[in-house]
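Residues per chain, in single letters:
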Amino acid sequence: MKQDIFQAIADPTRRAILTLIAIQALTPNVMAEKFDMSRQAVSKHIKVLQECELIRPQQSGREIYYHFNAKKMQEFDHWIAQFRQNWETQFNQLDELLLNIKEQKK
Amino acid sequence: MNNDLLFDFNVDKAAKTVFITREFNAGQSLVWEAFTKPELLDQWGAPAPMRAKTKHMDFKVGGRRFYAMVSPDGKELWSLQRYTSITPKTNFKLYNSFADKDENPDLPGSEWDYTFSEQNGKTKVSITIFNESLERMEKLADGAVKGLAVMFNNLDEILPALSQKL
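So the protein lines, in turn, are chains V and B.
Quick note, the first sequence lines up with residues 2 to 107 if you use this note's numbering.
Quick note, the second sequence lines up with residues 17 to 182 if you use this note's numbering.
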């Protein structure tokens with residue numbers, strides 16, 4: 002199943018992982034160390050983050066480094082901006098309606 | 017237009033909640049009516065060029081509103097809202113879910129909370145929307161956002177293939 006960005010970032014550990022990865026690409030081993038977690042637990046979080054494209058793996062020798070996908074976050078923000086724009090449009094329509102009603106009442 | 021009126025829009029991604037605050041240049045009773053009467057809601061409740069069409073609405077606790085956002089090409093996106101709490105002129109809460117044209121809700125939906133307050137002849141409306149998932153939130157908006165959501169899904173499908181090539 003496709004992962005949902007909200008579900009992905011609702012988890013505090015995953016937010017912490019993202020914050021770290023945004024600064025520097027990390028291997029699962031280093032993540033496990035930094036968060037004092039089992040490799041298995043780290044793998045689960047990585048899977049969720051990767052499925053919603055918030056992080057990308059990159060093979061480097063025998064190690065896999067995970068990078069932060071800033072582009073995905075931007076797309077998400079772009080979508081939110083669109084949502085905001087729709088509300089703004091509706092509210093401007095309501096402004097006009099309120100004005101009309103008030104003038105009719107005069 | 018109306019740049020002097022307060023408009024705040026915040027999304028708390030982690031809390032899955034959208035916070036919207038807007039001021040209107042009218043008294044609280046009138047603004048309350050604009051949010052709670054179907055004939056008024058239909059005049060502003062969808063961003064142009066979409067329009068809102070309420071099929072039926074019973075504004076009381078446990079009552080429902082069944083309405084559609086209609087696109088210029090006639091496509092209807094139906095929603096079913098159930099009022100869970102009403103404090104006249106001050107607050108109402110509803111549970112919103114998308115639905116098919118036969119009023120079958122597509123659960124889970126989202127929780128909406130509207131609060132109204134008046135100061136110096138202006139009315140402030142604060143809306144919070146709590147969503148279980150982003151997918152619901154994408155649907156929440158309308159045609160324009162729907163288009164974006166589709167783009168998003170397409171990207172979701174394309175990106176894995178792309179990153180494998182890179």
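Since the hints were derived computationally from the structure, they do not count as laboratory data.
If you're wondering where the values come from, they're calculated on a predicted model, not measured in any experiment.
Backbone N, C-alpha and C define an ideal beta-carbon position, used for all residues, glycine too.
Worth double-checking, as some hints may not be accurate.
[Unchecked claim] Each computed DSS-like pair below joins lysine-lysine, with the alpha-carbon atoms no more than 30 Å apart:
id : chain 1 : residue 1 : chain 2 : residue 2
1  : B       : Lys109    : B       : Lys140
2  : B       : Lys91     : B       : Lys105
3  : B       : Lys138    : B       : Lys91
4  : B       : Lys71     : V       : Lys45
5  : B       : Lys140    : V       : Lys72
6  : V       : Lys103    : B       : Lys140
7  : B       : Lys91     : V       : Lys106
8  : B       : Lys140    : B       : Lys53
9  : V       : Lys106    : B       : Lys105
10 : B       : Lys138    : V       : Lys106
11 : V       : Lys106    : B       : Lys76
12 : V       : Lys103    : B       : Lys53
13 : B       : Lys71     : V       : Lys103
14 : B       : Lys69     : V       : Lys103
15 : B       : Lys138    : V       : Lys103
16 : B       : Lys29     : V       : Lys48
17 : B       : Lys109    : B       : Lys69
18 : B       : Lys105    : V       : Lys107
19 : B       : Lys29     : V       : Lys106
20 : V       : Lys107    : B       : Lys91
21 : B       : Lys53     : V       : Lys106
22 : B       : Lys29     : V       : Lys107
23 : V       : Lys103    : B       : Lys29
24 : V       : Lys45     : V       : Lys106
25 : B       : Lys117    : V       : Lys48
26 : V       : Lys103    : B       : Lys76
27 : V       : Lys106    : B       : Lys69
28 : B       : Lys105    : V       : Lys45
29 : B       : Lys29     : V       : Lys45
30 : B       : Lys29     : V       : Lys73
31 : V       : Lys35     : B       : Lys29
[As the list claims (entries may be wrong)] Computed Cβ-Cβ distance ranges for the label pairs, DEER-style:
id : chain 1 : residue 1 : chain 2 : residue 2 : range
32 : B       : Leu21     : V       : Lys106    : 17 to 23 Å
33 : V       : Gln86     : B       : Val77     : 28 to 34 Å
34 : V       : Arg16     : B       : Glu119    : 34 to 40 Å
Each hint, compared with the structure:
Between the alpha carbons of B:Lys109 and B:Lys140 the distance comes to roughly 16 Å, so the proposed pair stays at or under 30 Å and holds. Taking the CA atoms of B:Lys91 and B:Lys105, the gap is near 33 Å; set against the 30 Å cutoff, the hint is violated. In summary, the hint linking B:Lys138 to B:Lys91 is not supported, as the alpha carbons are separated by about 36 Å, beyond the 30 Å threshold. A C-alpha spacing of about 46 Å is found between B:Lys71 and V:Lys45, which places the hinted pair above 30 Å, so the restraint is violated.
For the hint pairing B:Lys140 with V:Lys72, the CA-to-CA distance comes to about 36 Å; that exceeds 30 Å, so the pair is violated. At roughly 17 Å between alpha-carbon atoms, V:Lys103 and B:Lys140 fall within 30 Å of each other, so this suggested pair holds. The suggested pairing of B:Lys91 with V:Lys106 is violated, with an alpha-carbon distance near 35 Å, which exceeds 30 Å. Between the alpha carbons of B:Lys140 and B:Lys53 the distance comes to roughly 18 Å, so the proposed pair stays at or under 30 Å and holds.
Restraint check for V:Lys106 and B:Lys105: the C-alpha separation of about 20 Å stays at or below 30 Å, so the hint holds. Taken as a hint, the B:Lys138 and V:Lys106 pair is honoured in the structure, with Cα atoms around 17 Å apart against an allowance of 30 Å. Proximity of V:Lys106 to B:Lys76 is assessed by CA-CA distance (about 27 Å); at most 30 Å being required, the pair is judged to hold. Straight-line distance between C-alpha atoms of V:Lys103 and B:Lys53 comes to about 16 Å, which keeps the hinted pair within the 30 Å bound.
At most 30 Å may separate the alpha-carbon atoms for a hinted pair to count; B:Lys71 and V:Lys103 meet this at roughly 26 Å. Between B:Lys69 and V:Lys103 the alpha-carbon distance is near 23 Å, which keeps this suggested pair within the 30 Å criterion. Of the supplied pair hints, the one linking B:Lys138 and V:Lys103 holds, its CA atoms being roughly 13 Å apart against a limit of 30 Å. Between B:Lys29 and V:Lys48 the CA atoms are separated by roughly 20 Å; this keeps the pair inside 30 Å, and the hint holds.
Note on B:Lys109 and B:Lys69: the hinted pairing holds, with a Cα-Cα distance of about 20 Å set against a maximum of 30 Å. The straight-line distance between the Cα atoms of B:Lys105 and V:Lys107 is roughly 22 Å, inside the 30 Å bound, and the hint therefore holds. Distance hint between B:Lys29 and V:Lys106 is unfulfilled; the C-alpha atoms sit about 43 Å from each other, more than 30 Å. The straight-line distance between the Cα atoms of V:Lys107 and B:Lys91 is roughly 38 Å, outside the 30 Å bound, and the hint therefore fails.
The straight-line distance between the Cα atoms of B:Lys53 and V:Lys106 is roughly 17 Å, inside the 30 Å bound, and the hint therefore holds. Pair hint B:Lys29 plus V:Lys107 does not hold up; C-alpha atoms about 45 Å apart against a cutoff of 30 Å. At most 30 Å may separate the alpha-carbon atoms for a hinted pair to count; V:Lys103 and B:Lys29 exceed this at roughly 38 Å. Of the supplied pair hints, the one linking V:Lys45 and V:Lys106 is violated, its CA atoms being roughly 62 Å apart against a limit of 30 Å.
Between B:Lys117 and V:Lys48 the alpha-carbon distance is near 37 Å, which puts this suggested pair outside the 30 Å criterion. Of the supplied pair hints, the one linking V:Lys103 and B:Lys76 holds, its CA atoms being roughly 26 Å apart against a limit of 30 Å. Distance hint between V:Lys106 and B:Lys69 is fulfilled; the C-alpha atoms sit about 25 Å from each other, no more than 30 Å. For the given pair, B:Lys105 sits about 48 Å from V:Lys45 by alpha-carbon distance, which is inconsistent with the 30 Å threshold.
Restraint check: the Cα-Cα separation between B:Lys29 and V:Lys45 comes to about 21 Å, which is no more than 30 Å; the hinted pair holds. With a C-alpha separation of about 14 Å, the suggested pair B:Lys29 and V:Lys73 falls inside the 30 Å cut-off, and the hint holds. Annotation: proposed proximity of V:Lys35 to B:Lys29 holds, straight-line Cα distance about 24 Å (limit 30 Å). Remark: the range hint 17 to 23 Å for B:Leu21 to V:Lys106 is upheld by a beta-carbon distance near 20 Å.
Remark: the range hint 28 to 34 Å for V:Gln86 to B:Val77 is upheld by a beta-carbon distance near 33 Å. Taking 34 to 40 Å as the suggested C-beta distance range, the pair V:Arg16 and B:Glu119 conforms, at roughly 39 Å.
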